[in-house]
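A.B. asks: Listed below, chain by chain, are the residues.
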Amino acid sequence: TTVLTIETSVPFIGHRCEPPSRNVETTPKEVLGFFRDMALMRRMEIASDSLYKSKLIRGFCHLYDGQEAVAVGMEAAITRRDCIITAYRDHCIYLGRGGTLFECFSELMGRQSGCSKGKGGSMHFYKKENGFYGGHGIVGAQIPLGCGLAFAQKYSKDETVTFAMYGDGAANQGQLFEALNMAALWDLPAILVCENNHYGMGTAEWRAAKSPAYYKRGDYVPGLKVDGMDVLAVKQACRFAKEHALKNGPIILEMDTYRYHGHSMSDPGSTYRTRDEISGVRQERDAIERVRKLILSHELSTEAELKSIEKEIRGQVDDAIARAKESPMPDPSELFTNVYVKGFGIEVAGADRKEVRGVLP
Amino acid sequence: TTVLTIETSVPFIGHRCEPPSRNVETTPKEVLGFFRDMALMRRMEIASDSLYKSKLIRGFCHLYDGQEAVAVGMEAAITRRDCIITAYRDHCIYLGRGGTLFECFSELMGRQSGCSKGKGGSMHFYKKENGFYGGHGIVGAQIPLGCGLAFAQKYSKDETVTFAMYGDGAANQGQLFEALNMAALWDLPAILVCENNHYGMGTAEWRAAKSPAYYKRGDYVPGLKVDGMDVLAVKQACRFAKEHALKNGPIILEMDTYRYHGHSMSDPGSTYRTRDEISGVRQERDAIERVRKLILSHELSTEAELKSIEKEIRGQVDDAIARAKESPMPDPSELFTNVYVKGFGIEVAGADRKEVRGVLP
Amino acid sequence: KQMTVREALNTAIDEEMSADPKVFLMGEEVGEYQGAYKISKGLLDKYGPGRVIDTPITEAGFAGIGVGAAYHGLKPIIEFMTFNFSLQAIDHIINSAAKSNYMSAGQISVPIVFRGPNGAAAGVGAQHSQCFAAWYGACPGLKVLVPYSSEDARGLLKAAIRDPDPVVFLENELLYGQSFPVSEEALDSSFSLPIGKAKIEREGKDVTIVTYARMVDYSLQAAEILAKEGISAEVINLRSIRPLDRSAINASVRKTSRLVTVEEGFPQHGVGAEICMSVIEESFDSLDAPVERIAGADIPMPYAANLERMALPQIDDIIRAAKRTCYRSAPKAAAA
Amino acid sequence: KQMTVREALNTAIDEEMSADPKVFLMGEEVGEYQGAYKISKGLLDKYGPGRVIDTPITEAGFAGIGVGAAYHGLKPIIEFMTFNFSLQAIDHIINSAAKSNYMSAGQISVPIVFRGPNGAAAGVGAQHSQCFAAWYGACPGLKVLVPYSSEDARGLLKAAIRDPDPVVFLENELLYGQSFPVSEEALDSSFSLPIGKAKIEREGKDVTIVTYARMVDYSLQAAEILAKEGISAEVINLRSIRPLDRSAINASVRKTSRLVTVEEGFPQHGVGAEICMSVIEESFDSLDAPVERIAGADIPMPYAANLERMALPQIDDIIRAAKRTCYRSAPKAAAA
Ligand SMILES: Cc1ncc(C[n+]2csc(CCOP(=O)(O)OP(=O)(O)O)c2C)c(N)n1
Ligand SMILES: Cc1ncc(C[n+]2csc(CCOP(=O)(O)OP(=O)(O)O)c2C)c(N)n1
Ligand SMILES: [Mg+2]
Ligand SMILES: [Mg+2]
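Chains A, B, C and D, in that order, are what the protein sequence lines are. Here the first sequence stands for residues 56 to 416, where the numbers follow the numbering used here. Here the second sequence stands for residues 56 to 416, where the numbers follow the numbering used here. Here the third sequence stands for residues 28 to 363, where the numbers follow the numbering used here. Here the fourth sequence stands for residues 28 to 363, where the numbers follow the numbering used here.
Please note that the accuracy of each hint is not assured.
In silico DSSO-like pairs for lysine-lysine, Cα to Cα no more than 30 Å straight-line [to be verified]:
(1) Lys397/A with Lys350/D
(2) Lys110/B with Lys68/D
(3) Lys271/B with Lys271/A
(4) Lys409/A with Lys224/D
(5) Lys212/A with Lys68/D
(6) Lys302/B with Lys226/C
(7) Lys226/C with Lys409/A
(8) Lys350/C with Lys68/D
(9) Lys110/B with Lys49/D
(10) Lys409/B with Lys282/D
(11) Lys212/B with Lys49/C
To give an idea of the chain D side of the interface with chain C (calculated C-beta under 10 Å), a few residues [as the list claims (entries may be wrong)]:
(12) Gly77
(13) Phe112
(14) Gly133
(15) Ser305
(16) Ser310
(17) Pro317
(18) Asp325
(19) Ala332
(20) Asn333
(21) Cys353
Just so you know, these hints were derived from the structure itself, not from any lab. For every residue, glycine included, the Cβ atom is placed at its ideal position computed from N, Cα and C.
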């Protein structure tokens with residue numbers, strides 16, 4: 056097959072490491088796949104927005120639209136034996152790891168057919184068989200957890216790595232520095248991926264961090280700053296990081312990215328940033344549009360074909376939603392399953408222990 | 056009075072700051088005071104060792120001998136409106152802040168006349184009226200607490216600073232990085248004093264830290280490496296740091312020092328380091344011997360006079376111990392005092408609430 | 028006059044900040060964002076960034092800074108976006124705040140308030156739904172308050188801010204938007220409620236229901252229905268978990284001879300268990316029926332709406348338990 | 028054969044590490060220093076630094092790393108130098124370990140053991156003396172074990188390491204050096220004890236004393252003295268706080284009709300309160316006297332020896348409470 060060499064939007068910036076080349080090798084098939092994957096994620100998140108507004112999704116719901124290139128570029132560089140762990144903004148990571156739209160929407164709507172059988176909700180998606188370890192609601196907690204996955208990989212001599220993803224807000228958490236120190240002491244194959252979308256909830260990065268150069272925040276640990284809106288740059292960086300991590304231990308990747316939606320569904324997302332800023336990013340840096348332009352300028356496909364892919368995607372999403380809506384809520388007996396792997400047949404109580412009791416499996 | 060200018064043992068090393076001059080101004084009176092203060096601390100700790108061995112002190116007991124120059128040099132640069140907070144190795148900091156031998160030994164032996172009325176114990180000395188805020192048992196916790204004192208000083212426009220002291224082991228704690236980020240964002244007058252005695256319990260610094268250059272660990276925050284066995288260097292560094300902090304916010308001082316005793320009384324202190332290493336430091340870097348030499352070489356006093364000071368100190372220590380031993384244990388009624396400032400007259404229970412009950416004041 | 032719990036909290040903070048320059052508010056999104064749940068709306072504008080302080084997402088750090096500031100004599104109000112995140116900072120609440128006055132024999136008092144929403148909201152899953160009333164309530168040195176109504180919220184928060192000791196102030200997200208009538212007295216800026224005193228929300232003679240926070244609402248609704256069936260339930264709103272108003276609880280049980288406890292938190296070692304113990308200790312002979320406990324199910328909170336409902340006490344559960352104490356049973360179809 | 032609790036713990040870890048290469052030990056000073064309390068003596072030599080891992084003093088970090096490793100299928104034993112320091116890491120124990128299997132509907136199991144000394148030692152003051160049995164015992168998803176004797180220690184720790192769920196294993200520093208007889212069976216490397224089952228340490232018929240950890244020792248001593256005075260006390264060693272062996276407790280109380288609970292931790296929302304509640308729920312009619320609770324005093328732990336003694340349950344307290352349940356009172360001179 057044809058090999059294309061594409062230059063990244065901007066150069067990588069290295070901290071204590073020699074950055075990889077700006078010229079990224081790819082193929083037409085890969086580029087078209089990127090388009091499809093990112094468009095699917097975008098559509099899924101937009102649809103989730105509607106489902107939330109029609110009250111079919113409850114509680115917290117954090118959408119990923121704008122950041123798709125990170126999830127997709129990362130997958131392109133690694134295998135499913137490598138691990139990924141992230142925070143609550145996890146729908147698209149799940150999809151990238153091979154999750155289905157149906158399981159995703161089912162989970163969002165709290166159905167038995169959801170990827171966590173409706174017990175997890177928006178923030179708690181997992182796909183362990185493909186190396187996706189969630190879906191965590193406590194800001195920063197996934198970073199040591201990710202280093203623990205990397206610890207296990209090294210312990211088991213797997214020659215695989217873990218990508219632990221976190222936001223710019225999370226980047227100030229003390230447990231990051233604790234885990235990083237140990238990862239560095241023990242040469243764990245851990246890649247810390249800071250998705251810098253420039254806001255932690257309503258707080259701009261510079262208001263939360265004295266030094267918002269997150270790729271440097273490992274101090275004695277190498278780092279790389281990456282245009283997170285350029286899927287090829289992400290792929291290149293992740294491949295580089297994986298190699299580095301297997302040889303030398305941890306590295307930080309700062310992905311410069313942007314979320315189009317508010318922080319979660321309760322945040323209009325427009326009080327702490329201007330509409331101009333948002334539309335500026337959409338116009339100049341959007342990850343999908345970048346790939347669309349690349350496809351068209353290299354004549355890998357036509358405008359019409361891309362439109363039809365997008366249409367097909369809309370159909371897939373609509374179909375998955377329809378099926379998910381039809382799916383039943385979890386059976387009440389699920390209330391008491393999975394509290395333990397091994398429940399010793401012990402009785403467990405509901406709100407009124409004299410009425411609702413289960414026996415732990 | 057005569058002003059002496061003495062050169063520090065080694066140059067300061069700065070991180071993101073221009074280090075102060077090696078030439079430290081002092082006076083004969085100050086130098087003699089240093090000798091007396093450090094010798095008193097040393098003697099007190101040696102006596103505590105004996106009291107522990109004769110079971111008059113219980114539980115944990117962490118001695119400071121070897122590190123006296125840090126406590127004494129720091130006091131020489133600051134006032135009692137500046138605040139100090141430290142960990143559990145706190146006896147000598149307390150003494151430096153104007154605490155008495157009698158209250159110290161009383162506390163160690165759990166007597167009513169102790170500085171915490173016998174309720175705190177070795178790790179929990181305080182002297183709030185002189186700006187000493189303890190005495191904390193949880194490694195690292197005193198660092199945000201110290202930044203909080205600095206916060207209050209700035210909030211109240213006090214033009215004073217806080218010295219938050221911690222060990223090389225504590226230097227890896229996440230809460231340090233959290234607090235430092237906020238201190239830097241808000242320009243708090245906080246001076247983080249890392250007493251690097253090269254071991255956290257039995258763990259050598261390089262086994263606990265990928266980067267044991269603690270003065271640099273603030274990354275974006277300035278730091279200074281100081282010979283913590285040279286009381287004049289400590290004084291110079293603390294003066295410099297105070298000025299810096301009032302103008303620019305936080306700074307880290309790494310004090311290169313050494314503890315002669317084991318970590319606490321249960322640690323012989325000789326399994327993870329060689330006896331040669333210990334005696335080498337004693338011979339070449341001891342803080343008291345350095346000052347003794349300085350005094351003799353500058354003829355500020357005579358060998359005999361210094362001996363008689365030491366003898367006098369021994370007397371003071373023995374006397375304080377004797378008086379402390381005579382002091383009563385806390386009155387049983389103290390069991391329930393100080394749980395709250397304002398107890399609303401509520402009843403509180405002892406182990407058997409039907410028998411021992413107190414009314415909270 | 029009606030007032031939401033949100034307004035009640037907002038005005039309480041506002042008035043105390045205006046009364047005492049040592050009071051400040053610190054936490055995530057409390058300033059420019061006006062509070063994740065808008066409790067601090069308007070305060071940044073009024074008091075400026077020196078007293079309404081947005082922090083990075085570093086609970087251990089800013090809770091520790093708050094406690095240190097309190098050591099020095101300031102009166103911090105530390106907001107946790109929810110109390111689930113207080114787990115990051117719990118060492119400072121327990122070891123740095125609660126124990127300092129005792130360890131220092133009174134030298135280091137810690138006039139601080141830790142506040143924020145506690146317990147289950149709706150559909151937020153296992154990591155965002157835990158109730159910490161029993162945990163904090165176990166710790167000497169802390170005071171732990173659990174407001175239900177707007178008057179509770181105003182009166183107890185004002186008391187907490189003025190109190191010289193560390194107070195854990197547990198709010199409930201689902202009550203923020205709820206409106207309650209407030210008296211003239213409660214609107215006065217001098218208003219405050221006594222710490223450690225429960226409130227009899229409804230008098231009754233057949234059974235005592237002891238509860239707190241949002242479950243007061245459910246218990247009152249249950250009492251209403253019970254009344255129609257001829258059972259007169261007394262509903263006690265604890266207001267304070269620590270100190271626990273044992274005398275109010277026991278006085279009521281000595282009157283009614285029957286007790287139901289209602290809480291949202293996990294049952295084991297919960298508030299209900301302590302209330303039961305306190306009644307056994309002091310009024311054993313008065314009890315005519317076993318104490319009945321209604322509590323959160325003994326599982327992590329599920330997301331799905333039907334399971335979530337089963338995991339939390341419902342009005343029916345309270346009614347059923349109350350009837351059991353009166354020896355009128357109404358079994359429910361076994362659900363699991 | 029006699030064995031100290033220290034040896035029991037050491038051999039249990041040793042045998043499980045040798046049986047399963049996925050088991051590793053991580054914590055502060057567990058390796059070169061041989062453990063702060065020498066529990067891991069010899070293990071570094073035997074298993075090397077890849078499986079006996081010294082960490083920096085960063086509990087949140089290494090507990091999180093341990094949980095992550097367990098997600099991936101390893102079986103970490105995480106040592107806290109004492110459980111007081113688990114407060115730094117408690118979010119990982121609760122939110123990352125206890126809830127994951129449920130939130131993931133069984134995908135992410137967490138076979139991890141958190142262990143270390145818990146509760147009061149001697150003379151270590153308020154920040155180093157807290158008992159966390161009730162806190163951890165409140166949390167679904169965790170199993171919480173509290174060994175007393177060497178057999179307990181061996182059998183329960185081996186069970187904990189083999190268990191597929193997160194276990195909080197609470198040891199007691201003052202018991203480490205204590206020797207107990209151990210059976211042949213308990214010395215076998217296949218030995219383990221069932222999780223969730225209490226042990227009747229001493230049979231009796233007049234009063235049930237339910238307790239755990241070091242207080243089992245005190246309770247047995249109290250029972251001995253009570254026996255001389257004609258009161259036959261049954262002593263139940265809980266062994267497991269979660270699951271709590273409600274049936275063993277209730278069966279005993281139904282026999283004796285009287286109950287004393289003994290724990291070192293703070294009373295409010297404590298283990299004693301839960302035991303009381305569980306008996307009220309299931310055996311109310313069998314109770315002939317109010318349940319008596321002996322617990323740590325409701326104050327931070329004081330350092331001074333005389334105050335410390337008053338702050339902890341003593342044998343006399345247990346005897347007095349047992350006698351009260353038998354309506355033989357022996358009041359103590361009021362001390363405060
Ligand atoms: C420990 C903790 N504190 C606070 C929160 C509430 N919270 C959830 S997300 C969030 C902002 C995180 O921002 P960032 O890390 O930049 O990630 P992003 O949402 O931008 O992806 C906050 C404050 C939490 N979940 N956990
Ligand atoms: C959070 C926490 N973890 C562990 C301990 C146990 N501990 C007490 S002191 C200490 C070593 C600290 O070393 P360092 O910070 O270098 O201070 P030094 O003792 O050398 O003065 C440890 C591990 C503790 N007190 N707190
Ligand atoms: Mg962000
Ligand atoms: Mg040290």
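A.B. asks: Hint compliance check: list the failing hint numbers for this structure, sorted ascending.
C.D. replies: 1, 6, 8, 9, 12, 14, 19, 20, 21
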